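*Asks:* Could you build all of it, start to finish, from the sequences and the hints given here?
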Amino acid sequence: MATTKTSYQLVLDGILDQNPIFRLALSMCPAVAMTTTVMNGLLLGIAVFFVQVASSCTVSVVKNFIHPRIRIPTYVLIIATWVSVIDMVLAAYFPAAYAQVGIFVKLIVAFAIITMRLEMFACKNTVGASFWDGFGMGLGFVVGMVIIGIIRELGGMGTVFGINILDSQPLLFFVLPSAGFFVVGLLMGFFNYLEAIYNRRKLGIITYESNKSNLPGGGCAEQHSSGV
Amino acid sequence: MVVALSSTLLAFNLFAANNLVAKTEFGEANEIILTFANPVSDERLVSLNSYTVFEEPDPDIRLELVNITLNADKTEATLEFGEPLNQAEAHMVSVRGLSSSEAAMSFQVKKSYLGYLISILITAMLIKNFVFTKYLGLCVFMGTSKRKETAKGMGLVFSIVMVIATAMSWVFYNWFMIPYKLTFLQIVVFIGLVALSVQAVDTILRKVNPVLFSSFGIFLVLITTNCVVIAVPLMLAKDGYGFWESIMLALGAGTGFMLALYLMAAVRERLELALMPESFKGLPIAFILAGQFAMAFLGFSGMSI
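For the protein sequence lines, the chains are A and B, in the order given.
Residues 1491 to 1718 in this note's numbering are what the first sequence lists, from first letter to last.
Residues 16 to 320 in this note's numbering are what the second sequence lists, from first letter to last.
Simulated from the structure, these hints should not be mistaken for laboratory data.
Bear in mind that the values here come from a model prediction, so they are computed numbers and not experimental data.
A portion of the hints provided could be inaccurate.
As the list claims (entries may be wrong) - In silico negatives: residues of chain B with every beta carbon more than 12 Å from chain A:
id: 1; residue: PRO99
id: 2; residue: GLN201
id: 3; residue: GLU293
id: 4; residue: ALA309
Claimed, not checked - Below, computed lysine-lysine pairings styled on DSBU-like, alpha-carbon distance capped at 30 Å:
id: 5; chain 1: B; residue 1: LYS296; chain 2: A; residue 2: LYS1692
id: 6; chain 1: B; residue 1: LYS126; chain 2: B; residue 2: LYS253
id: 7; chain 1: A; residue 1: LYS1553; chain 2: B; residue 2: LYS222
Stated by the list, open to error - Among the chain A residues that face chain B by a calculated CB cut under 8 Å, a handful are:
id: 8; residue: ILE1560
id: 9; residue: ALA1581
id: 10; residue: LYS1596
id: 11; residue: ASP1657
id: 12; residue: ASN1682
Yeah, the Cβ is synthetic: ideal placement off N, Cα and C, and Gly gets one too.
*Replies:* Now the structure itself:
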């Protein structure tokens, strides 16, 4: 069951092929709510990156001591511990930024992407592979958040990282909260379109659908099916 | 003789004063309405100087009155304030100098508790819907809104777990974590309680009603990855909600989530038949739809109950 991919492939997978926001469509709440500026998106992305790497490593270390029946509650507690750590660190060292991202740092504990990577990957791979998988997933999340952030901030306020670029505010609509849904939807459609073109040219596969069904399936439950 | 007369007058005045106000209630955001038992003609009742109004917990912060109007048959006075009132708190209104003694009379103005609870429920369900105005719980929302049947099942299971977990969180937070100064552990404790109640419902349902379990069991696993389930305990800890208020908030969050799921599922079922660009099929179009729902739900914002 263990992966045969190299660390380089694992990281690249997280950023492109299985990007948590655009490809797996997990952890959408922060992607919609916290991307009105690039800075907010980046900050939350870094927090998620840290939690993902730390909890992937923790789970892969203790995976043999977790009873499969209670694995989800155990994962959740491990994640919660790391979220408490990052929550306190941010509150202590970056109070201004922490006030901006608000409740969402605490909510990382319930983000589907982290639990899903633990269930799909960290619970059956070595610490090294889990580290690189978490690294790639976290980085993919940061990249996604920054892309959405740039589009919304540039479109809505004409700035990036607070630096004036366009000298005008082309579409004020983009910084309104509900525009997050539109931007994410349009970007997802755009990436699907790119992939369809890429597949047609390089691989001769017609639709992007075929790629979607290849996501790694099955969690720890099947591995320990006798225990359930 | 004069003393006797004045004392009877005084007694009459006090008597009248005690029965002066029949009903007190909140009006618009910055209004308190006093209903008098009988028509009044006293000038002092419409003078700004004779009133003192404050929130019951902060008697030293006087609220600024800007206008008092008496209605045509002189039974109702509307007190208008410079700023909107916090209608969740009880307010004290005192009137000075009505009787010849300088003692002020006070009345309490507060919302009926049941009405207040219902307003929390409606607010959490519609005005501040967790999915469409707070953007929480989107992963599960997108995953389970493909069919109406799934949407109903998920919404129901979610509401039940939500209420159980919130009740336990409230008890834990107020009885253990605050007294023993453990509030820094709130993330671990709250999500632990959620995971625990999910596991408990899972185990009990598996034994008690296997048929129900086979149709609803799969949703249980998804609940721990729903941000709403942890957002509600965090909110009630931050704002110091009471027990029943917390339950109402949880119920509102659960039913609001169910409503959002059902609305979305109804549209997505029809979308299956619609023609659209290949690359927008599935999730991208669902997000754009959710954006439209979010704009529609903006219409509820600013409503006060």
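*Asks:* Now tell me if each hint is right for this structure.
*Replies:* Now for the hints, and whether the structure bears them out:
Listed as outside the interface, PRO99(B) is consistent with that label: its C-beta sits roughly 23 Å from the nearest C-beta of chain A, beyond the 12 Å cut-off. The beta carbon of GLN201(B) is not kept farther than 12 Å from every beta carbon of chain A, the shortest such distance being approximately 8 Å. At roughly 7 Å, the least C-beta separation between GLU293(B) and chain A is not larger than 12 Å, which violates its mark as non-interface. With a cut of 12 Å on Cβ distances, ALA309(B) falls inside the contact zone with chain A, its closest approach being about 4 Å.
Distance restraint check for LYS296(B) and LYS1692(A): the Cα-Cα separation of roughly 23 Å lies within the 30 Å cut-off, and the hinted pair is therefore satisfied. Note on LYS126(B) and LYS253(B): the hinted pairing holds, with a Cα-Cα distance of about 22 Å set against a maximum of 30 Å. Taking the CA atoms of LYS1553(A) and LYS222(B), the gap is about 28 Å. The hint holds against a cut of 30 Å. Checking ILE1560(A) against chain B: minimum C-beta separation of about 7 Å stays under 8 Å; hint holds.
Contact between ALA1581(A) and chain B, as hinted, is not supported at the beta carbon level, the nearest pair being about 10 Å apart and thus beyond 8 Å. A least Cβ separation of about 6 Å between LYS1596(A) and chain B falls short of the 8 Å threshold, and the interface hint therefore holds. The restraint placing ASP1657(A) at the interface with chain B is violated, with a minimum CB-CB distance near 28 Å, outside the 8 Å limit. Interface hint status for ASN1682(A): upheld, as the beta-carbon distance to the closest one in chain B is roughly 4 Å, under 8 Å.
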